[in-house]
Structure formats: C-alpha cells, structure tokens
Amino acid sequence: MVTSSSSRPLSMTAHTSTASPKKTTYTPNYGENRQGQEYQGGREMLVLLAMIFHAFDAFIFGFEINAKTIISRALMYATLAIITHAVLKEHDAFGAIKEYGFWALIPVFFIPVFYYLLSLIKVNADFAHNISAVILAIPIYLIYLMYMKGCNHEFYGGWDFLKNIVSPISWAKVYFIFLVFLVIFSAITLFPQVTELGETPRIAINEGGKAFVELTKNTWTKVSEAITGTGGIIKDRYWELWNQSMGERYTGQVEDEYRARAKVEITNFELKGQKYYEGVPVFFFPIISARSFGDDRLRIDYNCTAYNVSNKSQNVKGNVNPNSPIIIEKYDDVGTTCEFNTDTTNMLSAGSYIVEVNARFEFETWAYTRYAFMEKSYANSVRAGGDDVNIKFDVPRNPPAAIYTGGPVMLGMNQNINLPISVDYSKGASFPVGMTLENKEISKGEIINVKEFKLYVPSAIEVSPGRCTVDSTPTRTTDPDTGYNVYSFSVPPNRPKQSYLTMDCAMMVSSANVNNLLADPNGVTGATIMGKVKYEYVLKETKRIRINKDPYYNAAPTPATT
Amino acid sequence: MRKKQSKKIIVLILLVSLFILSSCGRRVGPIDIYTGTQGITLDFPKNIPPKKVYENQTFLVVAELWNKGSYSFNETRGDFGVVGVNYDPLYFSAASTTNFVGDLLNYEDYPRFFLSGKGYDWPDGERLNKEVVFLKVNEIPGTRESPVVDVGMSVCYPYQTLLSKGVCIDVDTYDADQNPVCVNPGTYSFVGQGAPIAITKIEADMVPASMEEVQPTFRITLKNMQKGVVFTKDDKISTSLAIDKVCNPQENIRNRDDINSLTIEAWLGADNKDSKLKCTPNPVRIYEGDAEVTCFMQGTTRGHNRNYMSLLTIKTNYIYRSQTTKKVRIVRLI
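In order, the protein sequence lines correspond to chains R and S.
Start counting the first sequence at 4; every next residue gets the next number (the working numbering).
Start counting the second sequence at 409; every next residue gets the next number (the working numbering).
Wrong hints could be hidden among the right ones.
Said to hold, decoys possible - Which residues of chain S face chain R? A partial, calculated answer using Cβ under 10 angstroms:
| # | residue |
| --- | --- |
| 1 | G636 |
| 2 | R664 |
| 3 | N690 |
| 4 | I694 |
As the list claims (entries may be wrong) - Where chain S lies over chain R, by a calculated footprint (3+ residues, C-beta under 8 angstroms):
| # | stretch |
| --- | --- |
| 5 | 290-299 |
| 6 | 394-405 |
Hints in this document: simulated from the structure, not taken from any laboratory.
Glycine included, C-beta positions come from ideal geometry on N, C-alpha and C.
Just chain S, same shape as in the assembly (with noise of 0.2 angstroms):
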C-alpha cells in the first residue's frame, strides 16, 4: 500500500516538473541581429494571385513581405518601403485598392510600408501581406484560347549595414611587447550583417608613421549578396525624398550614377566626428558585385608600444530595389 502511494507521488512529481520545465517563457540571452544576408524579402503568397484567372474576372495582388535584416523602418525617421506593381496592360488593368485608376498605378497609389527588422519584438524579423492592387483581367484580344502572362512586384526601400567590430591597433611596430594585448590577425571576414549589402573582409594594415604612431587603414570589401540593385542614398535630401527619388517608377529625370554605388562611413573608437576615418573612393562603385574601399584614420594614434583593442564601426546607407513575378494563366470564357 506505501508503495502504491510513493509511485504515485513519484509520478505527480515528474508530471509538474515536466509542466514546470516545459513551460513557456521568452528566449533569454543576447539576440545577434547582425546575421544573414537578406534584407526585405518579396514573394507573392501561395495561392494570390491564383494560378489561374478568367476574363472579367478581378483579383487581388498581395506582397508578402518580410524583413529579414537587421535594420528597421522607423516612421518618424520617414524610413519606408513602397510595393510596386508590373503587369502587361494588354490583359490587366489596374485599380488601387480602393479605387480603378487606369491602366498604370501611379507611384502615389503604390502601397507603402513599415517593417520592424530582427529583435526581441521580432526574432526572425517582422512579417506583412500587403495588399498592392487590384487587377482586372481584360478579354484576350485575338483568338489566343489561354495566355501565361507574368505580373511582377517590385520593393523598393531604405536599409543600412552596420558593423561593428573589435580590431587590435598593433602599435608595437618593434615586437617590443612580449605579451600584448592583441595581434593584428591582418584580416577580418564576414558573411553578413542581416542586410543585402555585406562587408565581407576588413583586411587591416598599422602603417607606421614614426617611431611610436601607427596610422591604421582598413580595405573594406562589400559585396551586394542578393539579387536587387543597389542605389546611393542621397543623404543631403530628407530619407522620404531620397526613397521617393529611387522609387518613383515615373521619375525619369534622376542621377544614374547613384546606381550601383555606397557611400560609406568609418569610425574607430567613439562614433563622433574626431574618430571618423577618411574613406576613399566614396561613394563607392560596386562591380561585379563587389566593392572596395579604403578606410583610414586621418592623424596617427600613439600607443606607447602597447597595442590596444578598438572598436570599428562601418555603416552605409542605402536603397534597394528588388522583384519578383508571377505567371498567370488567364481563361478565356470564350
């Protein structure tokens, strides 16, 4: 009979410790957002547009999107992103979600957006299915029983790499110290900092200037690990300006050589205007999808034959511009 009770507080015992231990509870412990490679990420959903439509029918064109990057739209910043809509107007026409307007939409009917990047509100990165467009399918002209037709999205927004990173300033030019602090590993790789633009390898030089001074110099490589084109951001106008600039499909009187290129900014140490390093060429051209920079400290640092650890920081902002596409086969009612 005491036996039959101890089992069964036995069992009662492991039961709740199992509900204790299996209970659910925010995840502890440092988040690295600075990971991946993606930015905003654009698809259509599963099942919209259908895969197949008729004539006069009308449909919904929804953009999935997904912030999967570090960096997070801030409104008052007036960071944001627009959703565009491609389609041939010879089988579609367009209505804005509360209203037909014709056959193209304009850029001021383009859906914009806000999105929250990795973090402790959003781990994995804020998700959103915004609705971009009716689309109305026109009868086939001809006798073309059933088309495949494409309809594209495009997403056009703000982002920002940022890295930052422990370097050794190796002032020790003679091997002096026979324990430093650090050693200049000479180069520093990366694969991403959850941006589509990642710094992939610092490589690290302490150019001595004299017997004590070092000047530390950075060559910077960045590389476009997506798909999209990248442009400058043009930091001289307001953020919502400068979007508008990049994303308005029907501005056509624009720079051309802020596509393809970064400009970017250094520091080392504190992130105020003393320890900002010279960087050159920028803006930067990406080629190949790769861009090299050269970074440097504009005086000396003396470091009394001690080598230290300092913090680098790099950060460029920047638009980018991605798509994607659908086919849709469209039905005759014949």
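The following block holds chain R by itself, in its conformation from the complex (with noise of 0.2 angstroms):
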C-alpha cells in the first residue's frame, strides 16, 4: 500500500501511523487517486473498455466455451484485467494487485475450470456454462463497482467492500442498477446472435428509417423479455449455446403409417360434465393406446393428481382404475377411469384444480438409413468418363432422411454426406455417422431417463477409435440377428430435458474388410445404418377443473368406524 500524502486536500479521515504505515487506509475524493492527484477520465476509460471486451465477447465468440475461443477469452479478460491494474493500481479501492487478481482473474482461471469440468460431465454442460458466463461479468463489476465509488458512492470497493457497504439499502440498490445494466447489455450485445441465428430476421441497413424502428423495437422486446425473464433472451442464447455444443441437429421423418404406428397416446382426456360441487363424484375415462414391435411387452404405470390451482401443497391422487401398471403385449387401447371425490382419500374441496393424468413407460426408437458405397477407382474411372456417378447409378447425392418409427421422440440420422462414399481397397474408406435424439414438439411428454442409445453398422464398418463425441468409448457387441457390430453410447443421465443429443462418430472400413462390404465393385452397394434409442419416458394430458361450493355439502365424509 501506498503511504497518503500529507500535502493533498482531504475531505474524509486519513490515518497516519509511523508505527504500520501499510495499515493506514484512505479513501480518496472522487476524481482523485490516492496521492491526492487529478485522476483523469480513468474510470470511464475503464468501464467503455469493459464495455467493448464485453460487447466482443458476445459477438466475435457469442459468450462460446470450446477450445478454441477459451484461451482467446481467457487472455482477453487477462488484458482487461492487466490494464485495470495499470489503471487503479494508485486507487485505493485496489491496494494490491493480488485482491484485483482475485476478483479479475478469476474468470481466467475459472473458464478453463468449468471447461475442463464441462468436459468431464461431458454432455451436462449446461451448469458449468451458466456459471462461466456469469463468471465473466465480475470485471465488469468489479470495474462497475470502482466507477460508483468514485462517484462517491457509500461504499467501499475493494477486497472487503462488501463489509464496508454502509447500509444494506444501498448495497442493494448499487447491484440492482448492476444487475439491469448488464442484463439490457447482454441483451443488446447478443441480439444480432440471436438474429443470426434466425431467431428474428436480420433487417437490411440501407432500409433507413423503418428498418431502425423495426429493430429497435425487437430489440426492446427481447431486452424486455429479458429483463422479465420470460423466456429471456440470455436463456435462448444459452440454450442455442449448448445446442451447439452438442453438434448439429440431425432431423428424419417418422415412418408412413402402414397400419398404425408404433405409439403410446393418451386420449378422451375430457370432462363430460359442466359443473362439479364438492362432494360430488368426478369422473375422468382416459383411453391409454398403445403399439410396440419391440420384443418387450409394455409395462405402464399411470395416474391422475388433481393439483390445485391456489394452494399447490393440496393435491389429490385420483383412484385409478384399472389398477397401475397396465400390462400391453403389442397392441391396445385401455380404458381408464380417473375418479375424484369417491373415497376420503379422493375428495376435492371448493377451488380451481389442474388434474393431469399421466403415463410413465420404456419405449424404443429405431431409425434408419441407408449409405451408398462404391469401389473408388471405378468410380474413378466412370467419372473420368465424363459420367455423372450419381445419376449413372441412380445414387442420391446425400443419404435420404431416415425413417424413424412411430413414438413420442424423433431419432434422426445425418444427411450431410456425399454418396456414393467411395472405398478404396488398399486404404478402406471413411465418413461420418450422426444421431439426433430429439423430444418432439407435438409430445406432450419428457424423456426421462436414455437407457439405450446405440448405433447399428454392417459388420464391414467400424467406429474409429477415441472418434465419438458423447460417449469417446462406445461399447461394441455384435447382433446375432443381423451380424451388425453395435455401438451402444452411455448418455448422462442429467441431460438436459430442452435441449436434443447429438452424436457425431467417424467411421472406417478397414482395407480388410473391404471385400464384405462391397458386394458389388462394378456397381453401387448399399447399407443400412440403424440407430436405437431405448428411453423412459412420461406422458402428460392435463384438464382444469373448477369444484364449486356446495351450500348444501357439509364436509367429506367421515371415514367408517368399526
């Protein structure tokens, strides 16, 4: 610490002490370092630079923590770091550099942190990255937090300036003004992510006048929303984030119905009547439907809960008939009965009620597609040719989009491959192989829990080594059935609900096996690629119901007595 000057004008107490100079303390007037000297402009200077660093961050790496933006990011943030000690290192509010490396170097430290931690829980990364990302605004905070005690604010900045706030008021009053600064901020500065995203249309420029109204209306929408916090902008952004972490999303389409598809559905979720009165028996016939073509029968557990609306700690298990789990072999329709206000147990007092009834099961997904290979010097030479390959041997150009069966979720497959992939016999071949498994919209379900996430291939094909992403070790067996080699991926099981799961995995064929998988070297061999995913899964149908005050009901039923 830096010993004050007797010669500088002092308008609040300064200690002096020839015994511990380094404990005398002094809190400097605003525009004035600890010296007593004019402080220029530094504190300004400081929060634009802060300002634009954020601003950087969230357009150039879009707030991004991979491996390539980290030690970008984290010798940004140094820099800032660096210069606000260069700048402050006089003030008071940073006696050593060690407590400014604290605050400002944590971000520094800690991304690399969360990344390496993010990289350890491998897909559950959501977590980690809320708190990276909050992480970064400390400097901006910290740099917030010097700018209003130079303003004279009634705190003390610094190592303990949560200690030396004078009154908890103010304390809070201080980080609200923080808080929506740097929430409109946020807000602004990842707008045009978003938009790039396709989010919003992005508005050409030279449309003048109308195009800025548009745009600062939709930016004050989102803003809004974010302050608001429905369905925030910064919660999308993160969101879009972790998607991407995840790789691309793959898509499909479901399997034509030929008779009725793979399926489990609640329907005739209704309610017959229009008014219901305490006391009066309320009946709901839930039909559960369900078809498998798995091997497994389909073992569902089910019931109804009326929740109610005002008092959510008074909820009520319906009576459910037949009794939970229902047992279906291939193919059935079940009716259901869901009964309120028929037992003591099921009584339903005066006030407005959300019953759902739901079904919990295990389910399976397959889908599949189909890859084109072909002998690469002939296809070599066919295209010398002057030949188009493709149209030479009816080959699509990419795969086409997999089918996948019937079921509450979508299991797509990657299309983004040219066909016919080519195979040499000398070097084999190689390409990629992607999954998507995706909670569909129109669900009105959650995956709870990935049992099975596994990938099908010809045994001529492989996964390279070390080549996956989610699971880098898949475990490999063989199908007796097909003789296919199957990968099954292990999938977190803190997955995050919202988002889908991709998997990426680099494939070979090996130069030995070439010969298996191309049955036809003067022509174009095909192979399916299948994928499976086996899940718990929940689904949910819910109805509001308003029970009515009876005048003539006096009170449930006593429970008999023997």
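Got two chains here, separate frames each, mind docking them using the hints?
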C-alpha cells in the first residue's frame, strides 16, 4: 500500500501511522487517486473498455466455451485485468494486485476449470456454462464498483467492499442498477447473434428509418423479455449455445403409417359435465393406447392427480381403474377411469384444479438410413468418362432422410454426406455418421431417462477409435440376428430435457473389410445403418376443472369406524 | 334361281380367296437387323418379385432378358452373359436356385445365359426369363413396421457393334470426271446398329497423297446410347475369361483403364489384313458418352481418276453392364 501524502486536501478521514504505515487507509475524493492527484477519466475509460470486451465476447465468441475460443477469451479478460490494475493500481480501491487478481482473474482461472468440468461431465454442460458466463461479468462488475466508488458512493471497493457497504439498501440499490445494466447490455450485445440464428429475420440497414424502428422495437422486445425473465433472450442464447456444443441437429421422417404406427397416447381425457360440486363424484375416462413392435411387453405406470391452482400443497391423487401398471403385449387401447370425490382419500374441496393424468413407460425408437458405397477406382474411372456417377447408377447425392419409428421422440440421422462413399481396396474408407435424439415438439411429455443409445452398422464398418462425441469409447457388441456391429453410447442421466442430443462418429472401413462391404465392385453397394434409443418417458395430459361450493354439502364423509 | 346360285358361287370364291390371302407364312424379304440402339435389356417381370413380401417368406427373383440387338451369343465361341443380384443383407438372405448359400451369392452361382440377337429365327430378338436367386425375407430388425427395400439386378454381357457401309472413294482430286460413279458426301450419319454402342457419324476425307492417289481417312464418332457402363474386351485372353474379368464382382484386381473405353477395328474393302485401317487412338476413351476415333488407310489408293464405291467395315467388341432395381415392401408379421 502507498502511504498517503500530507500535502493533498482531505475530505475524508486519513489515518497516518509511523508504526505501521501499511495499515493506513484512505478513501480519496471523486476524481482523485490515493496521492490526491487529479484522476482524468480513468474509470470511465475502464468501464468503456469493459463494455467493449463484453461486446466483443458476445459478437465474436458468442460467450461460447470451447477449446478454440477459450484461450482467446482468457487472454482478453486477462488483458482487461492488467489494464485495470495499471490504471487503478494507485487507487485505494485496489490496494494490491492480489486483490484485483482475485476478482479480475477469476474468469481467467475458472473458465478453463469449468471447461474441464464440462468435458468431464460430457453433456451436462449447461450448469458449467451458465456459471462460466456469469463469472465473465465479474470484471465488469468490479469496474462498475470502482466507478461507483469514484462517484462517492457509500461503499468501499476492493477486497473488503462487502463489509464496508454503509447500508444494505445502498448495496442492493447499486447491485440492482448493475444487474439491470448487465441484463440490458447482454441483451443488446447478444441480439445480433440471435438474429443470425434465425430467431428474428435480420433487417437490412439500407431500409432506412423503418428498419431502424423495427430493429429498435425488436431489441426492446428482447430486452424486456430478458428483464422480465419470460423466456429471456439470455436463456435462449444459453440453449442455443448448449445445442451448438451438442453438435448439429439431424432430422428424419417418421415411418409412414402402414397400419398403425408405434405409439403410446392418452386420448379421451375430457370432462363430460359442465359444473362440479364438492362431494359430487368427478370421473375422467382417459384411454391409453399403445402399440409397439419391440420384443418386450409394454408396462405403463399411470396415475392421475388434481393440483390445486391456488394452494399447491393441496394435491389430491385420484383413484384409477384398472390398477397401475397396465401391461400391453403389442397393441391395445385400454379404457381407464380416474375418479375424484368417491372416497375420503380423493376428495376435492372447492377451488380450481389442474387434473393431470400421466403415463410412465419404457419405449424404443429406431431410425434407419441407407448409405451407398462404391469402389474408388471404379467410380473415378466412370467420372473420368465424363459421367455423373449419381445419375449413372441412380444414387442420391445425399443419404435419404432417416426413417424413424413412431413414438414420442424423434431420432434423426446425418444427411450431410456425399454419396456414394468411395472405398479403396488398399486404404478402406472413412465417413461420418450422426444421430440426434429429440423429444418431439408435439409430444406432451418428456424423456426421463435414456437407457440405450445405440448405433447399428454392417459388420464391415467400425467406429474409428476415440472419434465419437457423447461417448468417445462406446461399447461394441455384435447383433446375433443381423451380424451388425452394435455400438452402445452411455448418455449422462442429467442431460437437459429441453435440448436435443446429437452423437457424431467417424466411421471407417478397414482395407481388410472392403471385400465384405462391397457386394458389387462394378456397381453400387447399399448398406443400411440403424440407430436405436430406448428411454423412459412420461406422457402427460392435463385438464382444468373448477369445483364449486355446494351450500348443502357439509363436510367430507367421515371414514367408517368399526 | 340361277341368280341365287351365281351369288353363292361368288361368296364362296370370296371366302376362299380371303382364306388364302390371310394364311400365315414366313416373313419374306430382307430384315435389317443392324438397327436400334439396344443390346440386352434387363427387367423384372411384372409381379416377380411381388410388390409386397412378408417376413420369413422366400421369393424368386427372375430376370427378364431380351436381346433386342444384332449380336448373338455363341456358346461355342464362349460368349455368355451373367446376371447378378444386389440386395440388402439386412433384409434378405440369398439362396441360389439350387441351394442356400448365405448372404451374398458367389460369382459361380450367378446364372449365365445365351441369347440370339435379331435374325430370321428371332425377328425381334430372343427373350428369356431367367431364374436368378431365391431371396428369403429376414425378420425386420428393430421396430420398423414395413420397410421399402430395393432389390437390384445387373447384367453383364459381351456385345459387338458392327457397321458395314459403302463409301465413295473420291480419287478425282481435279474434278476431271464429268460423270463420276459416286461423290464423297463428306459425312455419313447413323442412328444405331442394333447395339448399345452406336456409330453415329463417319466423316470421310480423301486426303490427296499424290497426283493420282488419295489416302482415305475416316473420323468415326461412337456413342453410348444406353445408361450402362462399357468395358474394353481383352482380346488377348479367351472371351469367357474376358467376361469373368469384368463381370465377376469379387474380382477386385483389375485394370480400371478398361472402363469407358473401346477397341476399334476397321477395314476398307475386303475383311483382310491388307485392307485393315489404322485407327488412333485405339483403344479410345468414351467421354460424356461419346468417343471419336480416326481410321485411315495405311497406304494410298489409286483410282485412275475414277471414283469408286468401297465397303467400309467398322467393328468394336466390348462388354456391357447395365442394372435395374425394384422396390419391395416388407410387411411385418407382428
């Protein structure tokens, strides 16, 4: 610490001690440094610089955390820290570099740590991601505090700033202003990123005033959403980032209904009457329809519950008939009853309720796509003859959209591959395969747990060692029925349910396996690649119901005593 | 009464003449077999395989072959065609027409065939329905209910394009002959010679070599008229070996230069060594379906200032491969 000079004007108490000069504390006036020298715009410059860094991070890196950007971002914030220290080192707010180092270098230290954590937990990066992104705000917050302190606010910056805040109200006020600033600033800086992602159409600058008004309006909408926290832009952005980090989203198309596609549905969940009163039985007759082509029987656990809208603790479990679980062999429509106000355990008092019937079951979805392979020198010779291989051999340029079986989830597969894939007798072949699992938007439920996530490839095709996302070392087995190689990927149980899950793998055909793969070296060999996902799913249907007070109804019937 | 009798006689005569006129008989007159642009066509019979098959069923794959061209396979010469089958082993298991052999058919099991081209015996070419393979439908893996799967067939066969055309050898360099026998038109155009590879154009040039001599030079354009792939036939080995070399799908060591290339032979006049033209480049590469080769007489011809007609014969032997597919829906038995 620097000892205060006696020649400067003092407006606050200065303590000078010859015994321990390092203990001397001094809070300078606005516009002064610790020596009382005029301080010309340093804080303003730092705030501006921090904002620029923040904007740069948003525009260039999109707050993204990956191996490519992490070093650049760490360097960027470290630079900010060093500049801040250089500017404020004489200022009392930062008595020592270690203090600033603690606060300003936190992100520099923690981003790689969180990134490492992210890689450890593989897919559940959202927590680490959010934390990392929040930490990025700390240098800005710190600089903001410095600025406010410089403006003679009632708190003390630096190492002990929390202890030295004069009153909790002033602290809260400052913190609130900072949060509003941060939210607005994040929303503005993130806005172009979001438009780029297609959420809002990008507006051409040359459309003049109208475009500007539109842009402002959109920005304000985004900002207000962010402030009110209703599906805020930052949250959206985080999910976008999450999805990006999870890889591309592959799609497919559900198998055409030939007779009745695989499914589990709740239908006929409706109220038959108009008005309901306390003590008067209420019946729902949901039908649970299920069809599966899997080997296992379908076990469906179901229940119905009435949630009181005004008093959430007052939830009533309805009686169901037949008893849960119900077992379905292959295909059945099971008519069920969900009843309230029929015995002492399921009485609904007057009020509004949301009645939910949910069915929990295990289901599997399969996806099928077809790749085409061609012997390399043969394909090249045909091309050398000026022929288009795809036209000549009726091969689509990309794999067709994967066909996935019915059910509540979509299982898409990668189509961004040029067909036919060239296979060299001496070198084999390599090509990518990708698979995306996603809860369908139209599905009224969610995936509870992914139990199996498997890729089936012909025996001549293998996964390149260590070259898969989600799980770099999938377990390999052989399917006894088809002879296919089966790769099982472990999916972390805490995968965010809002997001899709994409698995990408580099596949290879070794030279030893080329003969097994190419059935016809003078033509095109097709191979079906399959994906399988087995999951636990909960399907939900809700209905709102109002129970009216019945003036003639006294109380719930007392249980019979023996 | 007499009138009635004469009417009856007239009707009888008319009926008899109608019968005589409508009697069947052999087509008379010459048939030009060297027309058309097709060789052997390959197709699936209408209901084989059926559009819909069930798990665990076995069905027959039949190739409908038709030699619509001019070239006939000669068993003694070693010419034969081979039919191959291409299917997804995930959904089907193959069995030859005699016994099951597993997932993929061996080349030895590929059915061979002989077919006559157009001629007096087969004015439209010989047709044949050839049993190729039995396919057993595997159980559908996973939970897919009813996949639609391709079943493919290919045919690989030797063929020949042959053109004989009278061309005018114009030796009258000075136009001295007031009444020439013929005049060189410069270009001869053709549609096809009853083969998938057609000679579509000949540009004839009589290059003056001396006062009374010319060197006939022909620029020949060939075209692949179908969608198949053409391979040079290796004349150094027997025909059957040459076919095996190209058509065997398990044969992975081969010269890929033989793809899309043709070896041309041409004669001017008699089909003998002396009248053989020198063609260059030979073999010629087919690019974007077309190939151009120049054939010229190695010496010169003297016509004593009189033009004359001569027979230009162009021949190319090759192996041709084409394919076809049919979609089959597999129905799960639940």
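Do the hints match the structure? See the list:
no. : hint    : verdict
1   : G636    : 9 angstroms, holds
2   : R664    : 4 angstroms, holds
3   : N690    : 17 angstroms, violated
4   : I694    : 5 angstroms, holds
5   : 290-299 : holds (count 3)
6   : 394-405 : holds (count 3)
Hint compliance for this structure: hint 3 alone is broken.
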